[in-house]
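Q: These protein sequences, in sequence, are chains Z and G.
Residue numbers for the first sequence follow our numbering, beginning at 1 and rising by one.
Residue numbers for the second sequence follow our numbering, beginning at 243 and rising by one.
Simulated from the structure, these hints should not be mistaken for lab results.
Ideal placement from N, C-alpha and C gives every residue a C-beta, glycine not left out.
Among the clues, some could well be false.
Stated by the list, open to error - Listed below are the simulated DSS-like cross-link pairs for lysine-lysine, each with C-alpha atoms no more than 30 Å apart in a straight line:
| id | chain 1 | residue 1 | chain 2 | residue 2 |
| --- | --- | --- | --- | --- |
| 1 | Z | Lys48 | Z | Lys6 |
| 2 | G | Lys245 | Z | Lys48 |
| 3 | Z | Lys61 | G | Lys275 |
| 4 | Z | Lys54 | G | Lys307 |
| 5 | Z | Lys61 | G | Lys411 |
| 6 | Z | Lys48 | G | Lys321 |
| 7 | G | Lys321 | Z | Lys50 |
| 8 | G | Lys286 | Z | Lys54 |
| 9 | G | Lys298 | G | Lys321 |
| 10 | Z | Lys6 | G | Lys298 |
| 11 | G | Lys274 | G | Lys286 |
Claimed, not checked - Far from chain G, by Cβ distances over 12 Å, these chain Z residues were calculated:
| id | residue |
| --- | --- |
| 12 | Val22 |
| 13 | Lys50 |
| 14 | Val73 |
| 15 | Gly86 |
| 16 | Thr112 |
| 17 | Thr113 |
| 18 | Trp116 |
| 19 | Ala184 |
| 20 | Val192 |
| 21 | Leu209 |
| 22 | Gln241 |
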Amino acid sequence: MNVDVKGPEILFEIPVLGGIGVSETIVNSWIIMAVIALVCFFLGRNLKVKNPSKRQLVAEKAVTMITNLVTDVMGEKNAGWAPYIGTLLIFSAVSSLSSLTGLRPPTADLATTLGWALVTFVMVQVTNIRCHGVSGWLKGFTQPIFVMTPLNIISEVANPISMAFRHFGNIASGLVITSLVYAALAALSSLVLGWIPVIGQIPFLQVGLPALLSIYFDLFTSVLQAYIFSMLTMVFVSGAQD
Amino acid sequence: MGKYLDFVSIPPDVWSLIFTWCNLLILFLLVKKFLFKPVQNILKQRDAEVREMYEKAEEAEKNAKSLEAEYSERLGGAKEEAGRIMQEATRSARERGDEIVGEAQAKAAGLISRAEAQIEREREAAVGELRAQVADMAVAIAEKVIEKEIDPSDHARLVEDFMSSEVEKR
């Protein structure tokens, strides 16, 4: 039997500019964004200085944790980055975890992770120019000696690419392996139980093992990759300030 | 529609990329507006409140200390004042007492001397009266004894001499 792991499906087209295909990735992103925005709205409502509710404590804890993470890595002066890093962390984690609900995770699409990585790349360059001026930024590529310039440029360009592919690869490989395991278990199921009429058509062996695999491929990888991606963004941006 | 994008294509689908950027920007703004801004505001307010409380507490403590110092100073002054008043009172009381006693003694002495004078006067009057009576009695006795009238003026002189000699003898 053939196992076909497809890319994101184009769900509909916006009929302008020769048709803009809106893929599963984008629609799923919107769903996830809506969920995150609703949760944020719910958490950030009716805050009080005294006698905070449990809901408010959760919101405060989340904001404080993200802010502490940002200030630990980037220093006190960069506390203003907390909302962006927090957004990236939550968006990435929830996107990858959305595979648990059967959605195709947006982070299993290179367009998503590369898009985020390019944003980081631009932020790094802008921060560098803001801190050192255009000449300082350009001079930075010739450090420590002029001969290193091509290598410096390559390493700078390699950063977003490696970030994008690392994230994409981890989530997409989870998707592929999960699909393969499901297909294999379905095949095994029909081989072992196929002789029983009606009941034999139900792939019983798909129950159990995929859940265990999903703990690694979905839960662990999702959270880890979200953390790595935001951590690298913080490190690169604060590195550009020095 | 049944159309699929490639599992991975380089470069990736441009529209997906553009959507991704828009999505990230929108979500960033939403998260910032709904979660970070309100929570940070609250944390800042709470911080300010706590700092204010501390300042107030410190000020109150300072006030209390200065009040305490003032009171203890005043208390010391009051004690001193009380001691002074006490001393004054004792002194004036003693003076007054002495005065009263002096007056009383003077008055008593006056009374005694007046009483003595009166006694003396009465004694003298009594002695005079007695003398007259004794003289009369002596004349009467003498008249009886000698049965003869003597000149009363001579007689009075005789008695007077006798009485004087008798008084002087005593």
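Q: For which of the previously enumerated hints does the structure constitute a violation, in increasing order of number?
A: Hints 1, 2, 4, 5, 6, 7, 9, 10, 12, 13, 15, 16, 17 and 18 contradicted; others consistent.
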